[in-house]
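> Sequence:
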Amino acid sequence: MYKKLTRFVPDDHKTALSLASLYEQQGLMVEARQQYLVAAEAYTRAGETREALDVLRRIADLDPTNTQVRLRLADSYARENLPDLAAEAYTEAGERLAARKEFEPALEAFVKALTLRPASHTALHGLLAAHTALGTADDAAEVLEQAVKERPGDLEVRAMLARAYVEAEDAQRAERATHELVTRDPSSFTLFFDVVRLQLRLGSTDDAARLLAWVAELALTGRQAPALVELAQEILARNPEQVEAHRMLVRAYTSLRDEARLRSALEAFVDAAEATGAVEDERRALTRLVRLAPDEPGHRARLEELGGPLLDEEEEAARAAAAELPTFESFMLDDNSTPTPAGPSDAPAPEFEWNSVAEPPRFDADARRPFGRARPRVRVELCRRASARGRRRVLRRPQRSDGRGRRRPGPLRSTAVSRTTAAELSGVRLRRPRAGRGRARRRVARRRRGRRAHAPAGDRERRLLHRAGLRRHRARHARHARATVRPARRD
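Oh and the sequence shown: position 83 is 83 in my numbering, straight run, nothing missing.
The hints are simulated quantities; they were obtained by calculation from the structure and are not laboratory data. Predicted model only: the values in this text are computed from it and were never measured. Careful: at least some of the hints might be erroneous.
As the list claims (entries may be wrong) - Distance windows between CB atoms, simulated: (1) Trp214 - Asp271: 39 to 47 Å; (2) Asn239 - Glu280: 16 to 24 Å; (3) Leu155 - Asp258: 30 to 38 Å.
Backbone N, C-alpha and C define an ideal beta-carbon position, used for all residues, glycine too.
Given the sequences, and given the hints that come with them, work out the whole structure.
Printed below as a string of structure tokens:
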């Protein structure tokens, strides 16, 4: 039906959009793109630019490989004064072109994106990649140098500048840019590895070893010992007598705890130090080698010829600290005191008396209380049972001071205590409950529950009312008992 309508009204944007959506649902992307283009042109002729841009955006999403549509969309965004959307469209078009190895139009797209949005990291990355592919990394370095001047705190731009100098093979500026970046952000020390490789490509092994020694501590801390080993071996492959590279290789194997390779690295270090005349480095390497392989007489003899073992500064400090530590004899014995020889004592050993029995300790009730807090004198009166948990009411009359050094009885106070505490205060010996009494009670209770379950409704109601009356009667009796307390009996 929509096809028939297009015959009569070929430029109707509504019909074109409906037909394009149907084609898109059926998977006919080519036909859908044609209808979207018809709708976009119709919107443009009608002066509805924003609607035309939306349609172009749908075409670009429908066909991501069509860079011409995306560039057209970016130009339309730029004309409509939408710089962010235009820069994003230019950047996406540049990435598509760079993926197809079309670096010159990609570079133009990235330049347009940076003109609209200079702080775009994505556009700067694309610009650097395009210039590197075209062999003009110097131009990218100039753009990035200007960006660093405008935004000195942007670490990502500084990292791109260091990469640009490495790609341009400008070792001096690459080292300077990388050093400034690592000073601000030590976690980006891996960029120094690229500078070291650049120095190796340029044939400067001494500068490569110097940079590797500068970044060695950060590399070992950041668990990059394998990369350190690889670079040190590359330096030694070009210059086997590079002492600094041997030193870095020994440090890396020490960090990796690889004793076999550490031994071979130390032996190579000894040979290189002997060839270059570095006596101190040779002595240090031989000192570690003698510790690692004490059965080799040649290393020990060579070390004795050079003047004996030579420790590092850290080892010397550790030995000095250990020498200053006091021993057991230095602080337990005096200089003028003579130690007593350990031997059998002349004093007779105490004889054990089998018939002697120690008197058992007496229990003091007040000993359970903290020191300085004695139990006050009380008058105890056991009242009737107050609850089903075996609680009792006692009357306490503590002795108080009247301020003149005399003790006078205080007011009576009624306190709820447990059955054991009440018996302890009153001196009554409690009777131990008979065994099996609780079991019999539970059995009787089960029988009563069974009879109540089968009893008529009227009997149950009467029992409930009777039980409620008993509760009220007992509560009333308990209140009366608490109100009328009998005086305590005097012994």
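> State for each hint whether it applies.
Comparing the hints with the structure gives:
no. : hint                        : verdict
1   : Trp214 - Asp271: 39 to 47 Å : violated, 25 Å
2   : Asn239 - Glu280: 16 to 24 Å : holds, 20 Å
3   : Leu155 - Asp258: 30 to 38 Å : holds, 35 Å
Taken one by one, the earlier hints fail for this structure only at number 1.
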